[in-house]
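One letter stands for each residue in the lines below.
Protein chains: 6
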Amino acid sequence: MPYVNIKVTREGTLPGETATTPEQKKALIKGVSDLLFEVMGKAPHTTYVIIEEVELENWGVGGVTTPEYRQQIAAKADKST
Amino acid sequence: MPYVNIKVTREGTLPGETATTPEQKKALIKGVSDLLFEVMGKAPHTTYVIIEEVELENWGVGGVTTPEYRQQIAAKADKST
Amino acid sequence: MPYVNIKVTREGTLPGETATTPEQKKALIKGVSDLLFEVMGKAPHTTYVIIEEVELENWGVGGVTTPEYRQQIAAKADKST
Amino acid sequence: MPYVNIKVTREGTLPGETATTPEQKKALIKGVSDLLFEVMGKAPHTTYVIIEEVELENWGVGGVTTPEYRQQIAAKADKST
Amino acid sequence: MPYVNIKVTREGTLPGETATTPEQKKALIKGVSDLLFEVMGKAPHTTYVIIEEVELENWGVGGVTTPEYRQQIAAKADKST
Amino acid sequence: MPYVNIKVTREGTLPGETATTPEQKKALIKGVSDLLFEVMGKAPHTTYVIIEEVELENWGVGGVTTPEYRQQIAAKADKST
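From first to last, the protein sequence lines are chains G, L, U, Y, F and E.
The numbering of the first sequence is numbering that gives the first Met the number 0, which starts it at 0 and goes up by one.
The numbering of the second sequence is numbering that gives the first Met the number 0, which starts it at 0 and goes up by one.
The numbering of the third sequence is numbering that gives the first Met the number 0, which starts it at 0 and goes up by one.
The numbering of the fourth sequence is numbering that gives the first Met the number 0, which starts it at 0 and goes up by one.
The numbering of the fifth sequence is numbering that gives the first Met the number 0, which starts it at 0 and goes up by one.
The numbering of the sixth sequence is numbering that gives the first Met the number 0, which starts it at 0 and goes up by one.
Hints were generated in silico from the structure; no laboratory data involved.
Please note: incorrect hints may appear among the correct ones.
When chains are identical, the list treats them as one kind, so a pair holds in a single copy or across two.
Claimed, not checked - Heads up, simulated EDC-like pairs for lysine to aspartate or glutamate below, C-alpha to C-alpha not over 20 Å straight-line:
# : residue 1 : residue 2
1 : 78        : 33
2 : 25        : 37
3 : 25        : 52
4 : 78        : 67
5 : 25        : 67
6 : 41        : 22
Since the structure is predicted, the reported quantities are computational estimates derived from the model, not experimental observations.
Could you build the full structure based on these sequences and the hints that come with them?
Take a look at the structure:
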């Protein structure tokens, strides 16, 4: 009876997309469900997978929001070249 | 000081509704709060109840999204009759 | 397919007990499951209820741990009498 | 590698605002990240902070929704003056 | 920067084991991390996977604890043969 | 009425300690509570802070458990010097 909660930032990760696509969600759900069956023998009909998309400005890392953090990382990468 | 988090799919469960109604939310909050008082003596003003509604395509079970899972169940039920 | 997570402090709430008893856990599970059926028509076999017990010193309120907070409340009550 | 989840009601807490502002979110993210570094030495780039805003009618306390609870508190305060 | 929380009952799912083994935990972590990279391009070093094991008597389904639920299912299966 | 959940690995971060100390927990609770008051005006007695300590082998990053990940990082650092 596993319960899996996946949180990702709300943004596109495929060309032309601005959010996680239905196909990506299906792939996540299937992948996690298969994994729990293969590793632990959990019957898929007992595995709940809940995907939550979090606004970029609501997700912090490095003491700043995600967009600011990525800018910092990109700026550092520029300097090191 | 209990904390209760209720996650349900975002959909109507009453005729003509497309989402959990305000009355249903009130009933959930009151019911959970009463329950924690009756079973454990928890003072209601210390019990937080947070209801989260999750899009159907973001909730997986059986390795597929909820709408797909229900179709599978319905198809099986049809076959067995 | 509801998912309900109940967090309570790990302590006894019945005479002579130092933790939530098995009977209390059963009552919480049954109560929440019944509630979701009555209010939203959710089939009990689809409702997951997960109870988590949190050490008193890991649960804060009022800027202090739960035991300290209760002492503050008790001290205030003493003064007001 | 701390993970911090902050849930607040979705409403304005500054004059003229109807929601948590981007500046408030930044301050929460920075504050929590700094705190974990100061208290536990956790490197900020390993600390995730996720802010979730919950509709007022989805957040219960005292057996009622937050708006109803505040009305009750306000009514009591009125009576006691 | 995905965050994945996996909750399973605390029990053995391999012969002779009474809990999830370290190898199973590693397989879950690797599997989820790979999945998020393949489906969404998420860099593995940004994916946190947290496994939580929940006591059987703290996990409810069908209005009863997990052990009771399994007994009910087993009893039904017996009757139908 | 904020709810804050802090998850950290179960390990010592101060000399001679093997877990988060009571003093560190108090500092986290006070710090988060103060922060929510300063940034959003939230009354401390309404802020719940719940600290959860997660076994190192139950926390994955980079597709491996935390101890393995740290070894990888340390090995890379060695090579680069």
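Those earlier numbered hints the structure runs against, lowest number first
The structure breaks only hint 1.
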